[in-house]
Amino acid sequence: MSEHKDLTRRRVIKSGAAAAAAAGATPYFFTRAFADGHGYMNAPKGDTVTFGFNVPQTGAYADEGADELRAYEMAVEHINAGGGGMLDTFSSKELKGGINGKKVKFVTGDTQTKSDAARASAKRMIENDGAIMITGGSSSGVAIAVQGLCQEAGVIFMSGLTHSNDTTGKDKRANGFRHFFNTEMTGAALGPVLQNNYGNDRKVYHLTADYTWGYSQEGSMIKYTKPYNWETVATVKTPVGAGDFSQFITPILSSGADTLVLNHYGKDMVNSLTQAVQFGLAGKQVNGKDFTIVVPLYSRLMAQGAGDNVKGIFGSTNWHWSLQDEGSKAFVKAFGEKYGFPPSQAAHTTYCQAILYADAAQRAGTFKPSEVGKALEDFEFDGLGNGKVLYRGSDHQCFKDVLVVKGKENPTSKFDVLEVVEVTPRAKVEYPVELLGGELGPYNNG
Amino acid sequence: MDAIFLQFLNGLDKGGAYALIALGLTLVFGTLGVVNFAHGALFMMGAFCAVTLQRLLNISYERVSETETDFLGKPLKEQVPYLQDIVGTDTAAWIGDYSVPLSIFLAIIVMGIVGVIMERGLIKHFYKRPHADQILVTFGLAIVVGELIRHYYGANPIPQSAPNSVSGSANVGEWFGLGPNVIYPWWRLVYFAFSATVIFGVFAFLQFTTFGMVVRAGMQDREMVGLLGINIERKFTIVFALAAIVAGVAGAMYTPILPPDYNMGMDFLVLSFVVVVVGGMGSLGGAVLAGFLLGILQSFASMQAVQNLIPGISQIIVYLIAVIVLLTLPRGLLGRKGVMED
Chain D
1 MSEHKDLTRR RVIKSGAAAA AAAGATPYFF TRAFADGHGY MNAPKGDTVT
51 FGFNVPQTGA YADEGADELR AYEMAVEHIN AGGGGMLDTF SSKELKGGIN
101 GKKVKFVTGD TQTKSDAARA SAKRMIENDG AIMITGGSSS GVAIAVQGLC
151 QEAGVIFMSG LTHSNDTTGK DKRANGFRHF FNTEMTGAAL GPVLQNNYGN
201 DRKVYHLTAD YTWGYSQEGS MIKYTKPYNW ETVATVKTPV GAGDFSQFIT
251 PILSSGADTL VLNHYGKDMV NSLTQAVQFG LAGKQVNGKD FTIVVPLYSR
301 LMAQGAGDNV KGIFGSTNWH WSLQDEGSKA FVKAFGEKYG FPPSQAAHTT
351 YCQAILYADA AQRAGTFKPS EVGKALEDFE FDGLGNGKVL YRGSDHQCFK
401 DVLVVKGKEN PTSKFDVLEV VEVTPRAKVE YPVELLGGEL GPYNNG
Chain P
1 MDAIFLQFLN GLDKGGAYAL IALGLTLVFG TLGVVNFAHG ALFMMGAFCA
51 VTLQRLLNIS YERVSETETD FLGKPLKEQV PYLQDIVGTD TAAWIGDYSV
101 PLSIFLAIIV MGIVGVIMER GLIKHFYKRP HADQILVTFG LAIVVGELIR
151 HYYGANPIPQ SAPNSVSGSA NVGEWFGLGP NVIYPWWRLV YFAFSATVIF
201 GVFAFLQFTT FGMVVRAGMQ DREMVGLLGI NIERKFTIVF ALAAIVAGVA
251 GAMYTPILPP DYNMGMDFLV LSFVVVVVGG MGSLGGAVLA GFLLGILQSF
301 ASMQAVQNLI PGISQIIVYL IAVIVLLTLP RGLLGRKGVM ED
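Sequence order for the protein chains is D and P.
Taking the numbering used here, I'd label the letters of the first sequence as residues 1 to 446.
Taking the numbering used here, I'd label the letters of the second sequence as residues 1 to 342.
It should be emphasised that the hints constitute simulated quantities derived from the structure, not laboratory data.
Source: prediction; values computed, not measured.
Don't be surprised by glycine CBs; every beta carbon is placed ideally from N, CA and C.
Hints are all accurate, no fakes.
With a straight-line Cα cutoff of 30 Å, these simulated DSSO-like cross-link-like pairs (lysine-lysine) come out:
#	chain 1	residue 1	chain 2	residue 2
1	D	K333	P	K77
2	P	K77	D	K329
3	D	K338	P	K74
4	D	K105	D	K45
5	P	K77	D	K406
6	P	K74	D	K414
Now the in silico label distances, taken between C-beta atoms and shown as ranges:
#	chain 1	residue 1	chain 2	residue 2	range
7	D	G437	P	K74	44 to 52 Å
8	P	G168	D	E419	22 to 30 Å
9	P	G179	D	D290	14 to 22 Å
10	P	G179	D	N196	30 to 38 Å
11	D	D290	P	E174	17 to 25 Å
12	D	D116	P	G226	43 to 51 Å
13	D	D308	P	I59	18 to 26 Å
14	D	K408	P	K74	17 to 25 Å
15	D	E439	P	L72	39 to 47 Å
16	D	E419	P	I95	25 to 33 Å
A short, non-exhaustive set of chain P residues, derived as facing chain D with CB atoms under 7 Å:
#	residue
17	G154
18	P159
19	P185
If we strip away everything but chain D, and leave its shape as in the complex, we get:
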């Protein structure tokens, strides 16, 4: 009897699982899009259109996520008002208040900096809230996962802070667009500056975060320092969130290396850099040279976390609030007056992405992903804080000047931790699309 009961229960469970799997596999987005009769996913009805802001609201990148949300809220205000902040300096003057006659409203999701959570919140915003576009995030792993979901769903994904080559390289998708720079550009910009400051013939030890961005960053740094005869002594992968890096740092002392490249970001960067300085690496003499530490990707928020330890250390950043072009000044003023402190690079890139999407939809005269995408492809613009920028059509990657920065020796405030030492022109960081591989594939309109 019990056997029959078990069997029945199992059958029920199996049937349920099969039904759930079938429901999951059914192209829900597809059917709904055509049911709307507009030929694309979540075509807006009424006088509003919904953006989905998918940012880390909890977890290690919550502070960056909070800054992204602030920027998005401000971007929505400016789009609806038809002016304010960098919208006033933006070279395209199409936005006059709303997009295609509709006001923008938004919903938010929490990525938790976890791919599965990020996909779930993006899915919820698309299915339940009718989001026409998803944007945000502070991790390449998350960006690649959400980009894939948006491609399947048939909505545009305007990524936030993602720096791995893969986002617009081997994992690129037609529906995905990136304003932020990547490790290839970091390497191209940083390599010559490192050579100018530290010379040729160095022995380099890499500590690398053990995931897609870490590998990408390590590869680019090796590639762009090799011409100067910078020899790689070791590449050590460290677990993300290791906390105490001392056991990875002590072998450097006797490795013969005179340079340490920390391919770490966020909390890992704060901890590994702090500990490397504590172990006396920064003041050491090796091979007759001053020991050097390099942090290829800087974030002002993280630099604040590392305190005095960032002083004199080179890295790169997508944007910095101290830039003196009209766009940056307008953005810093608007953000600073609204929130009381300067925006981070995460805030800048997400603000730009929201404005760029809105402008493309306005120019296309529709929210249909393929049309908005085409309006973004090979679109050249100015006035958003990075000089003249090109949204390259063949990989949906923005090309712009890259900032090489250094930890400031004498900061005047807690925000004043980095100084821009060189603005590497766009032409020097451009690369052929084939270099990073991948295929965009066709647009999906849902």
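Fit chain P to the given chain D structure using the hints.
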């Protein structure tokens, strides 16, 4: 040789932190029979005592600068700490410099109070409940504490500096006749000495005081101690507060090594539980021994030569040792018969 010696030192200071957390954990388990998954949160709260003291010392009033401007080009509003006006610039700077060691006193007071409230308000209601209930409620508490810290202090790590006098590196190689590459941060050496002192103090307290004797008796046979007319409940409260204080001061002193954030308790908790299990549930000596042993082995496993031999070993070594120890010594290294075996 130099590299091996450095990894040994690394293991000692890491092991010191593990041992201090595991000591409190096993003390609570041995006397109260409670599996406290919020113990890592107590370590984190101690660390945030250091952050809080630093912030208290920096409570300031605004003074509008006549010469400098802020990032918007408006007159800069300078922050002047009240402490500077009260004790003078030099003394305020000295107190600020020593804020981490001074935070030990704040941690003792705060964690003592937290320990008493936690035991009286929550833990005592779970003495006779199954271990699963204890784990659930204390794990839930740890999450709540972590989120509260995140709400008030943010998600990013908050760096704390060691006093200037011990912020550099010591040439340990010179002391032991080793190579010039054997240098080690002073503060980590201080932390090792501190953890050894606290461990010694706790053992001395339990070994040489009447209170300690009662606690040890309680660890052997709680029922008999109660029958002898000793108010065991009050003793339990004090033991819990003591464990909270040990975790708290360990956390406060660890802040110059690892900038604290809301999740640091969880990072240490899991490893500390492994330490307790390897050392033997309820064994104080076992917790200390296993803490140092696992800390040292974890450091050695991170060496490049070992990594080349067995990739990824550094991330699993602690658990691998736990499996081996439990297979060969099911009660752990120094575990007692009858503990968690009912």
